[in-house]
Structures are given as structure tokens and as C-alpha cells.
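Student: Now for the letters of each chain:
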Amino acid sequence: MSQVNWNNYSCSDFYDELLAAPGKPRASADELCNMLARFSAEELAERKTAAEIAIRTMGITFTVYSEGAVIDRAWPFDIVPRIIPASEWRKTEAGLKQRVQALNLFIDDLYHDQKVIKDKVLPAEVLAQSVNFRPQCVGINPPHGVWAHICGSDLVRGGDGTLYVLEDNLRIPSGVSYMLENRNVTKRVLPELFASGKILPVDDYVANLYDMLASMSPRPGDDPQVVVLTPGIYNSAYFEHAYLAQQMGVELVQGSDLLVDDDDVVYMRTVEGLRRVDVIYRRVDDEFLDPEAFNPNSMLGVAGLMRAWRAGKVALANAPGAGVADDKIVYAFVPEIIRYYLDQEPLLPNVPSYLCMFEEDRKYVLEHLDELVVKPANESGGYGMLIGPHSTKETRDEFARLINANPRNYMAQPTLALSTTPTLSNGLPQPRHVDLRPFILSGPETHVTTGGLTRVALVEGSLVVNSSQGGGSKDTWIVETDENAAAAAEQEGV
Amino acid sequence: MLSRVAENLYWMARYIERAEDTARLLSVNSHLMLDLPRHLPLGWAPLIEMTGTLEAFNERHSSFDERSVVHFLCADAQNGSSILAALASARENLRTTRDVVPREIWEEVNHLYLSVAEHAENGVSPRRRDTFLKSVIRGCQTLTGLIEGTLSYGPARTFIKLGRHLERADMTTRIVDVRSASLLPQNPDELLPFENLQWMSVLKSLTAYQMYRQQVRLRVRGPDVLRFLLQDPNLPRSIACSLETVGHELQLLPRQDRAAATVSLVRADVVDADIQALAHSPSKLHAFVDELQIGFAAIHDMLSATYFVNSDGVPRVTQLQSQSHAGDDDND
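Going line by line, the protein sequences match chains D and L. Its first residue numbered 30, the first sequence is counted upward by one per residue in this note's numbering. Its first residue numbered -11, the second sequence is counted upward by one per residue in this note's numbering.
Errors might be hidden in some of the hints.
[What the hints assert, rightly or not] Listed below are several chain D residues computed to face chain L (Cβ distance under 8 Å; list not exhaustive): (1) 262; (2) 281; (3) 282; (4) 283.
[Stated by the list, open to error] Which residues of chain D face chain L? A few of them, derived with a C-beta cut under 10 Å, are: (5) 275; (6) 286; (7) 297; (8) 302.
In short, the hints are calculated from the structure, not lab data. The beta-carbon is built from N, C-alpha and C at its ideal position, and this holds for glycine as well.
Whole structure, please, built from the sequences with the hints as guidance.
Tutor: Below, the structure is given as C-alpha cells:
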């Protein structure tokens, strides 16, 4: 007996990624929804179990470090993919490329002439108070003029069906390995749907990443020595560091494996002796990268690395200091930044934002704390946030105090009616909120992943999608639909 | 291959071998104790001395009674040479480098450690000891089999084999040393009726009894057993054979000259040893074992200086070499 009846799927409160209304799948999701409706309860459970086994045997984990013990947790995964029509994705892709291009010009400007400030597009005080601006980087010219080689931008869809950019992660964005592995698992679990060939592949990411890294080598012509620098096994993204190194066929190194010589060249210690390193894909934060230049107590970095980078003897991705644009206050200025550097209208909208540094905005925020989401400028992983509608009086008072004490550090956004997508819960598809993190590679060419990592809040009603806080993920399909169907889908979306 | 990765794999293999051989050492002594008459003043103290842990043992125990010694060597997490601690160290060494070996190897190391951690306390009692020690030996052998059967020929395998065989040579000398002065009474007359028994135990602990019977075709006699364990070129656990493997594996690595020369010297010591003299004098045998162990330490120091350290203090002879190697070396 069939288990899934889409007529009982209650998706009227939010925009749903797969269904336009109960019982009415969108054109791009038609095939998937019909197949799931044909499954018996046993078959659905079987597929779910198959996914769990695949995740275990493929060793897809993320690391939780608590109470002194290192725990490798299985990656929480939902088998029902999230689908985006290819026609919509092409526009999103163009918008992401535009955005990252402008952000890179912006960062480069901040470390050189600071025209953007002289022309009063960005208030000088925003830069003055930025904790991610690195004076050590002023005047440096990284290869291709690019600072944020790898960017992960978080997209959310609001109640009107529009995709908004929620934030740009320009420091060391993670999650791409899970995007790739989610696809591998889904291919095993739902092979029937891939047969039609309408689902666009995602697996060119690693090759593009390697080519981009290799293109940055200071010794053009030679076979460049590329390495991935990890803080080590206690880092929650260690799986990803190891995965990417393995997939690219490069060494996964720790700080202690590298040294910078008097000639400002970076070497790694190998059994053959010291080998020159040309490009470092570093997954260590700026502050820990080089005890000579930043935190002198860092055991994770390499003494002299900044010296080598400044001398142009080694390339670093992402460039130190790129995080200056990865700041929730700077975020609010990105539409202006796009207009300023590219003389174009932004293709992807920002979520409307209130900056507490401006008196008028601050007043509004303090009066509407129970409606807004308040975010500190420089936290990631969903920490330090106030979600107004779910908050208590005490936490709101606490945030009011924090905002008044340091207005520059806070911004607020309306609570978004995040879109939902069917996600299995107790054997039945239920609407759960999702976001999307595509990854953008900027080198001689710009590449955007086909789709990205869809993160899902597994708890009913929850908006928190971070894996460190009970979120899960699912495969993201960019699906070619024929023109008529695509047009129809868009109509439904509006 | 990164020096850190090479060193971790080398130590992982040493610790696995150490756990296995410590189990063998405990097993041979346990059997000897059962077979020998009570009036012979045998004890457990020499095991502590042989594993080089006397100081640590004295900090925790006041007497060399059976339970204290066996517990110390099996289940004491604070004693770096105990089976439990060796497996924990093997696991920690592999944890940061598990990406260079097939996943099953990591899973097996993990499983072995967890199962030993669960059973070590109970495994100490005389009733369960044999089963426990056998399970340790079997687990280590499974791992060795997995590595042999699944790990590609390359630097990872080379460093694992270097570690395993150097540790095996070292530990085999310690097991042979069970027969030396410190364990047995000096008066040969008293010993005579039991001599065969003891040598047989040593052979059995190394799973070498049948091989001995096939190859030597004589009744078990001290000098023959000693020659077999020290010099036999075909017995996998003989010291000559282990050193042969170390020398062979070294040939696969760059810059191996000095380490290889050290191995040759120690190997010559083993091959040229006067077996008759050693077999009839426990004190000579003990001194000889000491000499070999100093040799093994020298081999380790040479490996470490050549492949693992590469610190800022080491002369940078390697830069040119690595440039010229870059073209013809696909191993890393």
C-alpha cells in the first residue's frame, strides 16, 4: 500500500520547494513526487535505511568535540532531494558571479586606495570597526586580483518565492564535500530518477577547485605543489579537509608539516626532504595562520607564512584579510558595492537589513526585537543570534543591552518565512525549512556549483539549519524542464 | 609522503606489533610457570625488566606478584608498554593519517582497541588470560593481513613494514631473553630435566614450533632453537628474517644509505653470533640481547633523523634532491 499521499502534505503556510499546493507538485518535481507516492511504506523505509548504510560505509561524518572526547557523528541526511528548475538556477548563477566579482573588487580596493570610502559609498566607521580588516594585508596583490577564491553564499527563499542572499562566507566556507557526497548517496538510493538525464551533475567541483588553485602558483609552468592546510582532527570540518585533499590528490598538511625558510619560501617536510609548496588551500582562520604576524600563541599556523605570501613566494586561498567583506554589517552595503564597482543593478536581492550603527535603524530594532532576527557582525554557525518571535523577555533585554553597548556589532533582519521542502519525519514527508549554500570559485574563470548544499532544519518549525545545532542536509537537484513546463512552474511560483 | 604521516604510520605499526608480542611474551611466561615445578625460583619480575618498565612499575606496585605484573603489562593505561596503551597509541597515530590507508584498516584498529579496552581488566585473571591474549594476537594478525592484502605498494606500506619488522626483531629478542639468566636458576643440573620444555614454550609463543619441527627435524634442543630464532632466513619471526625485511624495505626509500648501513651491521652481528656459546651461558645470551637492542635503537635513530625530523636544525641537503626527484617519483 502506498504511504505518501501528497494531498495530505500541508504546505500552505510557506513557499514549498517541491509542491505548489497540497497534491500539486511543481513541474520540476513531478517525477520525484509521483515516484515517492508509488512507494510502499516498506520501500520508503528501505531507501532511508540504504542511505544510512551508505553514509556509514562511505564514512561521511562531521566531528563534534565535547567534554574532551572526539566524536565522529554520521552526517544527518534526508533522502528526499530539493529541486530547483535549471531556468531559475541560471539566473541565480549569474547573480552569484556578479556578487562575488564585486566583493573581490571591494576587498582589493580596501587594501589599496579605499576609493569606496573616499567616494562615501561605505562609511569610514564601518571599516574602522571591522574586526576582520587586516592591516598586515595592505598593499598586497594576490594572483588575479582575487581575495575570496572560494565563496559560500547562503541563499534563502522567502514567502514570495524570491531567492535572497542571506550572507556571504568569504573566510573558509565549508560544506562542499557534503554537497558532493549527498549526490553520491542519492544516486545509490534513488537511481531510477537519474536515468532520465534531466538532473545536472555536480561532480566537476573538485577539478575546478584544483585548476583554480594550480593557476595561482607563483612558479608558472612547473607542476605546482598544492596542499590543503588543516587545523587537524579536532576541527569540525576535518572530514572535508581530508576529503578535498584526497579528491584533488594533494597532501593534507598541518602547520607543523610546513616551514618558511630565510628565502621566504614555504617547504613541507617529506620523507624525501624538504619540498617547496606553491599554493596553500588553507582551512585555518586568519588569526591562527602565522604566529609571527597574528596570534603569537597559535600552534596551528606556520611561522613566516605571511612573509612568504607578501613576498609572492606562495599563494594562499582564501587570501588573508578576505573576511573584511564577510561581515554582516558590510553585507548590508553589498547592493551598493555592486552598483559602485560594476555599474550594474544587483541580480540577487539582499534580505532587508537594519544596521544598529544608524540611530534610526537602531531605534526601530530596539522597538521590534520580538519580530526581528538580530545577528552579531562576526559570528558564524548560527551562534549569538536572537530570533525574536522565539525569544524570551530576558534574552531580548540582554540583546538590547548588547546592542546599546556596541551598536556597530549588530544588525537585524525581518524574520523570514523561509521556504520548506518535503523531508521524511516518522516515515512521512513533512514540510521543513531549508536554505542553500552554493560555492563560487574565482580564478581566471568563475565557476558556480550546480545548486549547492541544501541544509534543512530537521525539527518541525525550526529555522536553524546548522549541522552543529541539529540541522541536516539533502541533495539539491538542478533539473532541466522543457520550456513550457518551466514557464508554468514560474507562474505557479509568483 | 609527509614526514609526519610516515612517522605516524611507522609508530602505528610498531605499537601493533608491540601489543602482539607483549601478548606472546605473557603467554610464554604463563605457560612456563604452569609447567615448571614449584620449587624452581621463577618469577614475574624479569618480564618487567625485559620490557624496560621497571621504574614505572615500582611507582605503582610494591611486589612482583603475578597479578600486578600481568595487569601492568595488559591493562594499565598509564604504562606506555602495556597492550592497552600500545593499542591506544596505534589508534592515535592512525587517527591523523587514516586517510592514506584503506578505511577498513582504521576500522579494525579502532575495533581492536575498543575490544581490548573492554576486556583487559577481566583478561588478567588466570582463567581468562589465555583467551584474552589469543584474541589480542589474532586481532593484530588480522590487521597485518588487512594491510598486506589491501594497502598499495608505496611509502605508506614501506614505513608500516619498517616499523613492524624492527619492533618484531626487538620483541623477539626479548622473548628469547625469557630463557636468559634473569629468569632461570644458574645451576644447569637443576634445570636439565625441564630444558626442552622451556625451549618448546619459547617456540610455541612465536608460533614457530611446527616450523621448527619441519625444518630442523631434531628433538628440541637449546642451541638449535636459538639458531632457528636468531638466524633462520625463512622463519618470519626470526631476527635475521625481520632485519632482512627492514633492509629490503629501506631500498625502496630515497637517502637510505646510512640507515641501510646500520641495518647491515646489526644483521651481521646476528648472523655471526656464536650460538653454542650463547645457548650454554644465560648471562652471555642476556648480554647479547642487550647488544642487539642497542643496535635496533641505532636503526630507529637513523630512520628518525633521515625521514621524520627534517626540522629547522637539519641541513637542507634535500632541496636539490627533491627537485631532481620530482620528475621520477610518483609515490607521493
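Student: Next, verify each hint and record whether it holds.
Tutor: Status of each hint after checking the structure:
1. 262: Because about 5 Å separates residue 262 of chain D from the closest Cβ in chain L, which is inside the 8 Å limit, the hint holds.
2. 281: With Cβ-Cβ at 7 Å, under 8 Å, it holds.
3. 282: holds, 6 Å
4. 283: Where the cut-off is 8 Å and the nearest Cβ of chain L is about 7 Å from residue 283 of chain D, the hint holds.
5. 275: holds, 6 Å
6. 286: Where the cut-off is 10 Å and the nearest Cβ of chain L is about 5 Å from residue 286 of chain D, the hint holds.
7. 297: Since chain L brings a Cβ to about 6 Å from residue 297 of chain D, closer than 10 Å, the hint holds.
8. 302: holds, 2 Å
Violation of the numbered hints given earlier is absent; every hint is satisfied by the structure.
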